[in-house]
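Participant: Please put together the full structure from these sequences, using the hints given.
Chains as they are written, first to last, in the working numbering: chain B, 1 to 351; chain U, 1 to 187.
Mixed in with the good hints there might be a few duds.
In silico DSS-like cross-links for lysine-lysine, where the CA-CA straight-line distance does not exceed 27 Å [unchecked claim]:
#1 B:Lys43 - U:Lys40
#2 U:Lys40 - B:Lys270
#3 U:Lys40 - B:Lys152
#4 U:Lys40 - B:Lys328
None of these hints come from the bench; they were simulated from the model.
Residues per chain, in single letters:
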Amino acid sequence: MTDSHRPPPYGSLALIAIVVGAGAAAFAYTAGWFSPNRLTPNKLVSAFAPPSGPALGHRRNHAKGICFTGSFEANGAGAEISKASIFNKGQYSVIGRFNLGTPNPDAADATVRVRGIGVQLTASDGQVWRSAMIDPPFFPVSNPQAFYALLKASGSKDPNAMKTFIAENPEFARFGEWAKSAPWTGSYAEEPYNSLNSFVMTNKDGAQHVVRWGLVPKATVVPMTQEDFAKLGPNVLEDEIVKRVAAGPQSWTLMVTIANSGDPTADPSKDWPADRRKIDVGTLTVDKIEAEADGPCREINFDPTVLPTGISTSDDPFPAARSAAYMKSYDLRTAEAKYYPRTPAATGDKQ
Amino acid sequence: MTTASQRFNPLQRALHWLMAICILAMFFIGVGMVSTITPKFLPLISTHRSLGIIILALALIRLVVRLRYGAPALPADLPEPMKLAAELSHYALYALMIAMPIIGWAMMSAADYPIVVFGGVRLPPILPQSDSLHALLWSAHYYLAFAFFAVVLLHIAAALFHALVRRDGVFEAMAPIAVHQKTIAGE
Ligand code: HEM
Ligand code: HEM
Ligand code: HEM
Numbered sequence: 001m002t003d004s005h006r007p008p009p010y011g012s013l014a015l016i017a018i019v020v021g022a023g024a025a026a027f028a029y030t031a032g033w034f035s036p037n038r039l040t041p042n043k044l045v046s047a048f049a050p051p052s053g054p055a056l057g058h059r060r061n062h063a064k065g066i067c068f069t070g071s072f073e074a075n076g077a078g079a080e081i082s083k084a085s086i087f088n089k090g091q092y093s094v095i096g097r098f099n100l101g102t103p104n105p106d107a108a109d110a111t112v113r114v115r116g117i118g119v120q121l122t123a124s125d126g127q128v129w130r131s132a133m134i135d136p137p138f139f140p141v142s143n144p145q146a147f148y149a150l151l152k153a154s155g156s157k158d159p160n161a162m163k164t165f166i167a168e169n170p171e172f173a174r175f176g177e178w179a180k181s182a183p184w185t186g187s188y189a190e191e192p193y194n195s196l197n198s199f200v201m202t203n204k205d206g207a208q209h210v211v212r213w214g215l216v217p218k219a220t221v222v223p224m225t226q227e228d229f230a231k232l233g234p235n236v237l238e239d240e241i242v243k244r245v246a247a248g249p250q251s252w253t254l255m256v257t258i259a260n261s262g263d264p265t266a267d268p269s270k271d272w273p274a275d276r277r278k279i280d281v282g283t284l285t286v287d288k289i290e291a292e293a294d295g296p297c298r299e300i301n302f303d304p305t306v307l308p309t310g311i312s313t314s315d316d317p318f319p320a321a322r323s324a325a326y327m328k329s330y331d332l333r334t335a336e337a338k339y340y341p342r343t344p345a346a347t348g349d350k351q
Numbered sequence: 001m002t003t004a005s006q007r008f009n010p011l012q013r014a015l016h017w018l019m020a021i022c023i024l025a026m027f028f029i030g031v032g033m034v035s036t037i038t039p040k041f042l043p044l045i046s047t048h049r050s051l052g053i054i055i056l057a058l059a060l061i062r063l064v065v066r067l068r069y070g071a072p073a074l075p076a077d078l079p080e081p082m083k084l085a086a087e088l089s090h091y092a093l094y095a096l097m098i099a100m101p102i103i104g105w106a107m108m109s110a111a112d113y114p115i116v117v118f119g120g121v122r123l124p125p126i127l128p129q130s131d132s133l134h135a136l137l138w139s140a141h142y143y144l145a146f147a148f149f150a151v152v153l154l155h156i157a158a159a160l161f162h163a164l165v166r167r168d169g170v171f172e173a174m175a176p177i178a179v180h181q182k183t184i185a186g187e
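Facilitator: Spelled out as structure tokens, the structure:
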């Protein structure tokens, strides 16, 4: 060493320790290790699980479901507002999943108020559009933090938790009203499914519109009470859709609703007035049902931010939060696949 | 003063520092994005994909440049264990610079996510959809990211040790601009 006669380099060593220590600390800070109050995807996803723990291998929410395949027949009208190739007149393949808004894959159908659908439309150029929609006309809460608060309150042992939550999130009352009074139906095929979140569509001239979309059932809707529906059995929705689609394909109209300026685009708990312009962009047809365990929808994450060129996210904070949460849920369930065997015969997939 | 053979050539130095910035950014973007549900999540993850692919391209170019032009010899008086540590850590850094982006790409392929980079370019999947592969690659991307960060911290500590304590010309070999050679100046 050339510096053997110099004093020990304590200052330099301390500087090195500071640089490395500061680097590690900045990293840990960014990762949230010093911020126990940060709402992370992990926390949000964990909040769905009942006290007994999540159903391993299954989606952390909307856990009960069944796969389908079918097609989307675009009529060409969507091209007016979006350059997405899926709107060019033509027929495109679809993979999807009917589901119930519950973290319990074995929940009895009549105990679950919210029904949903996940769809993936694949255009001929390979671009995919994924959307996960539900049947209420508006969302229970205004923002993702409030959704977390709702999950916490509804899972809380404190008898006042829900009251406090509603006082702080008054928009929830309307959803409660809907949940109580809206009729039930006996079939996934009779449900409308709404994006609730808003997105931006850009057409080939660069014009942008904020939109929401939804699937409107072509099937005749037979309303019923929750009691009557409960009598049909705990798994009637899956049994019914299997038989119904075997007897004939089921269809929905894909409707895009365009916001007027000033409409609440960042808050899915506020539906837009009924007179907003709606464009019928095509028909979704379901022609085959498959069990989830080894079906084509199992390993798809119906992340609402998977969008083709021509559709993008808006100022609605939900799609980003959902994307982060769905990715976490997907990571967990794919790592737990052994708890949800592909062949029910092997051990039986329901615990 | 340094002579050309004592330093990495300008292309190597430019690649080293450009990539150092990109890779350090990737660590922070990576752990930042997976711990937030705010709207920042989307630009962070799309930057993570694009920057990751840029790093892959630069790393492959850098590997070719390194094989073609070599590296200046380490100081003759550097103890053998330190030489070995330097060499092994450089192998590890090259391996990680190339492996991490490929694992990220493969992990997203196995999950059947579209892999969109640079705001609209769709990369083809490099693996079929598979939950077991996804889980494996997710673990690899996660644990290797932390290992990579640890190796980089050690590497920075070593570089500063050469610069401030040993003053043996190793830091100057990679310094972005010519610095006065301290090997002789230090007597
Ligand atoms: C911050 C709010 C939300 C959170 C944290 C959340 C969370 C989740 C999670 C963790 C899953 C399982 C994902 C998977 O493993 O693939 C899921 C599925 C689903 N969510 Fe959400 N969600 C939210 C908002 C919404 C909204 C606004 C809608 C509808 C408008 C919705 C509709 C659905 C549907 C239909 C599914 C099932 C998709 C499928 O079949 O895979 N969610 N949600
Ligand atoms: C030098 C290259 C890269 C580095 C250093 C890096 C680093 C990281 C880090 C630190 C995380 C967070 C891990 C955690 O805390 O959970 C992460 C996550 C992730 N990275 Fe990378 N990454 C690289 C390249 C890529 C590339 C090229 C892609 C995709 C094309 C990618 C896709 C992802 C994804 C999707 C996640 C989230 C995984 C999940 O939680 O599901 N990465 N990466
Ligand atoms: C993400 C960050 C970094 C990575 C991935 C990285 C990677 C590398 C690699 C692979 C080499 C070997 C070069 C070769 O043999 O081709 C190297 C050399 C070097 N790096 Fe870094 N580096 C990083 C950051 C830094 C920083 C921040 C410093 C300074 C504080 C630094 C200082 C040096 C020095 C002085 C050398 C020359 C070592 C020698 O002569 O063998 N590096 N780096």
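Participant: What's the verdict on Lys43 (chain B) and Lys40 (chain U), does the C-alpha distance respect the 27 Å limit or exceed it?
Facilitator: holds, 17 Å
Participant: Keeping to a limit of 27 Å between CA atoms, is the pair of Lys40 (chain U) and Lys270 (chain B) held or broken?
Facilitator: holds, 23 Å
Participant: Does the alpha-carbon distance linking Lys40 (chain U) and Lys328 (chain B) stay inside the 27 Å limit?
Facilitator: With Cα atoms ~16 Å apart, Lys40 (chain U) and Lys328 (chain B) stay inside 27 Å; holds.
Participant: Is the Cα-Cα distance between Lys40 (chain U) and Lys152 (chain B) 27 Å or less?
Facilitator: Roughly 24 Å separates the two Cα atoms, so the pair holds.
Of the hints listed earlier, there is not a single one the structure fails to meet.
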